[in-house]
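J.: Model the placement of chains Y, R, S, E and H on the given structure of chain G, informed by the hints.
There are 6 protein chains.
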Amino acid sequence: MRHDGRKSDELRPLKIKRRFTRSAPGSVLIQAGRTTVLCTADVADEVPPWMKGQGRGWVTAEYGMLPGSTSPRKQRERGVKSDGRTTEIQRLVGRSLRAVVDLDALGERTVAVDCDVLEADGGTRTLSITGAFIALVDVLHAKLSGGSKLPLKDSVAAVSVGLVEGRPLLDLDYREDVAAAVDMNVVMTGGGRYVEVQGTGEEATFTDCELAALLSLARGGIEQLATLQKQALGKRWPFNL
Amino acid sequence: MRHDGRKSDELRPLKIKRRFTRSAPGSVLIQAGRTTVLCTADVADEVPPWMKGQGRGWVTAEYGMLPGSTSPRKQRERGVKSDGRTTEIQRLVGRSLRAVVDLDALGERTVAVDCDVLEADGGTRTLSITGAFIALVDVLHAKLSGGSKLPLKDSVAAVSVGLVEGRPLLDLDYREDVAAAVDMNVVMTGGGRYVEVQGTGEEATFTDCELAALLSLARGGIEQLATLQKQALGKRWPFNL
Amino acid sequence: MRHDGRKSDELRPLKIKRRFTRSAPGSVLIQAGRTTVLCTADVADEVPPWMKGQGRGWVTAEYGMLPGSTSPRKQRERGVKSDGRTTEIQRLVGRSLRAVVDLDALGERTVAVDCDVLEADGGTRTLSITGAFIALVDVLHAKLSGGSKLPLKDSVAAVSVGLVEGRPLLDLDYREDVAAAVDMNVVMTGGGRYVEVQGTGEEATFTDCELAALLSLARGGIEQLATLQKQALGKRWPFNL
Amino acid sequence: MRHDGRKSDELRPLKIKRRFTRSAPGSVLIQAGRTTVLCTADVADEVPPWMKGQGRGWVTAEYGMLPGSTSPRKQRERGVKSDGRTTEIQRLVGRSLRAVVDLDALGERTVAVDCDVLEADGGTRTLSITGAFIALVDVLHAKLSGGSKLPLKDSVAAVSVGLVEGRPLLDLDYREDVAAAVDMNVVMTGGGRYVEVQGTGEEATFTDCELAALLSLARGGIEQLATLQKQALGKRWPFNL
Amino acid sequence: MRHDGRKSDELRPLKIKRRFTRSAPGSVLIQAGRTTVLCTADVADEVPPWMKGQGRGWVTAEYGMLPGSTSPRKQRERGVKSDGRTTEIQRLVGRSLRAVVDLDALGERTVAVDCDVLEADGGTRTLSITGAFIALVDVLHAKLSGGSKLPLKDSVAAVSVGLVEGRPLLDLDYREDVAAAVDMNVVMTGGGRYVEVQGTGEEATFTDCELAALLSLARGGIEQLATLQKQALGKRWPFNL
Amino acid sequence: MRHDGRKSDELRPLKIKRRFTRSAPGSVLIQAGRTTVLCTADVADEVPPWMKGQGRGWVTAEYGMLPGSTSPRKQRERGVKSDGRTTEIQRLVGRSLRAVVDLDALGERTVAVDCDVLEADGGTRTLSITGAFIALVDVLHAKLSGGSKLPLKDSVAAVSVGLVEGRPLLDLDYREDVAAAVDMNVVMTGGGRYVEVQGTGEEATFTDCELAALLSLARGGIEQLATLQKQALGKRWPFNL
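Protein chains in written order, with our numbering: chain G, 420 to 660; chain Y, 420 to 660; chain R, 420 to 660; chain S, 420 to 660; chain E, 420 to 660; chain H, 420 to 660.
Bear in mind the hints are in silico, worked out from the structure with no lab data behind them.
Don't take each hint at face value.
Note that the list lumps identical chains together, so a pair holds whenever it fits in one copy or between two copies.
[As the list claims (entries may be wrong)] Simulated pairs of lysine-lysine, DSS-like, Cα-Cα distance not exceeding 25 Å: (1) K562 - K493; (2) K572 - K436; (3) K493 - K471; (4) K562 - K436; (5) K649 - K426.
Just chain G, same shape as in the assembly (with noise of 0.2 Å):
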């Protein structure tokens, strides 16, 4: 039993809000137990310098913490440096979402995302990725023409997994981040394809057979995870499956 009670195999409850704020064409407050993040998203006409003429669309991902988030407070962001941390975990979520976006079928046009933590406790930058899915189904809906197939091939969905003394656990709190040997975020789409794998042992270090027992773990939750995001969606969810 883990201290908050789930089984080893046991996501965090999760609850998604569509429409939390007005101001951007896709906005959904994710939570999952204590860690609550205002996934925003908008399109611009326009790709970056580099892409021009090229007739594909970009997408691009920020991620950002504010400062209530953490207790003791974290220090504001603004005027300070993106710390390795926070430029990894954009990247991330960039091409996690280019993944499963047709950049063809978008046109020269940049869907920009915006993850921010309102409130932080372990997971963020795997919640940032499953609600701003959800969050671009919203905006690609809402600006481009109707009727139009939306321009995505696939759903993508994000987990944390690790090994905590010795066991791997699915969805990991802060409490259980900082106690694991390993740690692992698997990104992977509705599909069952896998778009990101990275594990990482922080002065430690892990087997063939502790890899395939945290891959295990990963796909059972993402599997969840891309049911929930269906649900959400409702009628809006792009897919026949």
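T.: Frame of chain G, contents of chains Y, R, S, E and H only:
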């Protein structure tokens, strides 16, 4: 009649939700129409270097706008110098709170209040002050030893007023703010004393008589806001009034 | 009697020297007691990007303090972010000048005014505005085609007032400024209309009655300043009054 | 056959030159084909502030590319924020080294390793890890009191693998890296345990089966690299194996 | 005849005004033709960290150009990195002053000299040195305990020389400076010893013979400057000569 | 006898290795004793904005020190402002190369030379110039259309001289440099004309006679360096001499 149906001396509908997140000991989501600010507050047992050893406390405030708070999306502030507007607002919110805190009774502690705008439709700085006061009360309750009187001299709230097409209006939204020839922010205590009066004509000027009309309108608005703050805090309202 | 022998409604002795340097077309050295500001002005035949093609002009202002303007020496500002105070002052000076310039008549030009404090003894921001107006007149004379009327709607000057030990005082020097419970800067046109009213209580509050007394004192000071500006400009004074 | 004649599981020719410069106590020039990295290492008798007094040591790594390492010339990094890629690499190299160092046995010292790319043709981050381990052994020999066992638990090396046109390849050069649909960096100890697995599909995804093939290829490459590290260090190889 | 009527070995008219502002204990306005520099100096009772406990003092210098010192207006330096030219000048002025100060006799104090250019017409760095020496004498008088001998070994002054159309000229103004093939700054003590010789050909070279002619011209100019410095300081001139 | 056995007019042993890396078209590893600099050069078919349309070329130089070039390790320069010393060196190397390049004959191209110090034991700036000239010849050969004469007017090399304990010495190493009362860098063409003379007394001064002795010593050193440059370039030496 104003564009949204309000009378000239009518506030926008105000919602206040305390304990919005659980990561910060004071956490207030405050909404006025389509302007939404998350005010979080925490206390640290230290003061800035220039105040050490005086036995007095300090209150600071920071202010930010999330990228998704406007459409089109606002550039993320990280790595960007605080612009003049942000700096002015942060200083205003801090001064306004300090005007009602008994810094001697607070002791060598710093209360840090963060006002993060989730959705911006005019009046974010005044709404930040009104919400920040509630988060301040909550954090003082949570962190100062119980039983003792809170180190507060009065409550504080703020509202904007302006001259739009020659007519004084209360609590401008974004559309009215853009059209205003004169824009004034008034910060006032629950007891009816001024903390700050900032009246500005951008490419415009105003008379003594117009100044008097604006101040009177602001006073009426702040009386309503003080009542709403009291309702939101319920038994935690730290004054007899 | 004030510490320097002035009456409560008495300005510090004011000296204005035009054409102090020859490198800038407008160059005014203005001194009020021991506060000295060099105001220089130049015009460029372009406007900021967001104003292009509208046929209107713009006026910007910058403000700085030389390291030797205070004792002990003030850290040089180069490489340092503009602090909040500097940003507030720059914005205030710019708005004050724009309030009296006919930006349409100016055409697609930008007037840049620099206010550099050589010696600081209180009231640098208000003295900057009073001096900047004179440099503005000189640069418009020097750079706009002769014969035509200057694109000015009125003159502008500024003064500080404050509550010191409960008593309203005009034109505070540094020692009085530090002792003031309420500090107010008033910017007003030669025609007696407000451009800006900024009243601030740091850890203090004030009543309607005190506000009225301060505004009245400021009005008297600005009338004197307008007369001194007119004398300094002599035949260049661009108004009939 | 690959474009340079290698088989799919063949490493690029590897050259290792120890004591390349005499200014740093560990100084290794490592070349894999046309990728050249200078790895230097030094020890300081202090730890970062957050580690003081714990009796443990720390290992940090930094990474840079000289302007002449690419053609056309790469902009010099001085005065430029570390980009995301650089930050990721620095963190990866640091974690990889810490995974094999016994930080308790190191004592309150910090080993700083610098990996400067003199010539870049793909695989600079993995080659940095492989070279950095050798510089680490040299600096520990030079700076820790003789006779004692080096504070190392295992050796560490790294290699890239990728899916190019559906085919798993070992040790990608730049041309192959650009063409790869999936790119994976694997860091492994001489004892065959994973330190880090980072598999990324940019606008692509991959299956369980492809993941297994890539991991197997990487394992084979790292076994060869570990042997070459051992040869380069000769008698200084700190393990019995 | 030069464009302004001077002979090849003639300095520009020099004016020196001591005590120009009262905020800094040393404050000298120095003008050579249309180049004007305000040199202020102050002393602090501390030395840079790397000098603590040695019983020696230090002298630093900073240099800046006001936006209005050139036409068109120069961009304000705040928030801008010191450019190479500024850094070179600051270092040069500091070294020049240190060459004549007895740092041991100064004790653990730092003299900070600021040279701010109000009007720039060539030769600002050499005029800064000549003026800074006078401000240095004034601040040492004002701040070191009376009666004692000032910690000065000699006086120092500087002048530029250059080859313009093959002809050596003394004290170049901006127009001559731009036309010069070789530009040389010479810093020399009142006693006739070199402190610094910086001769530079930008896209040009020069012979031993030309070097000798330039050095001789500079020596003559500096003898005149030393006399003018002595006159300006009157009884405060700290040497018998 | 000097501490390393050299005579007062003896250079350190010099090694020059051309084509050290293959990523840059000019790539020279130059060593003088224990000072090692990697000079790389590349050409771009564009000029800085302020030179466009003049038909002339430009030569820029940058200089850096790797963290491992000194012991203890030097802080990495990324994210750090160029310090004054670096800026001075970069400007010096650029001017020195431009003095011998026929910028008109170069056409609208920019040659960028990077001097990266791998190992620092004094004289890095002068060794950079001497090595940079060779990289410059190589890049001009590689990138300009064959057959045509290289756009070079002369060769250039540099050396330091100094007064150590009253004695003029050639080519100071770090230990001598620290002990020198006067330090001079001389840049000279192969034809014996000065490009730059920079003599500096830090807390010291020097006479005409000492200046003459230092210049003579430098001239002898540069004649030797020019011969070594010619040998290194072999048939590529672009002059008849």
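J.: Indicate, hint by hint, whether the structure satisfies it.
T.: Hints, one by one, checked against the model:
1. K562 - K493: between (35 Å within a copy, 18 Å between copies)
2. K572 - K436: within (24 Å within a copy, 39 Å between copies)
3. K493 - K471: between (38 Å within a copy, 22 Å between copies)
4. K562 - K436: within (20 Å within a copy, 31 Å between copies)
5. K649 - K426: For K649 and K426, the Cα distance is within 25 Å only inside one copy (24 Å; across copies 44 Å).
Violated hints for the displayed structure: none, as all numbered hints are satisfied.
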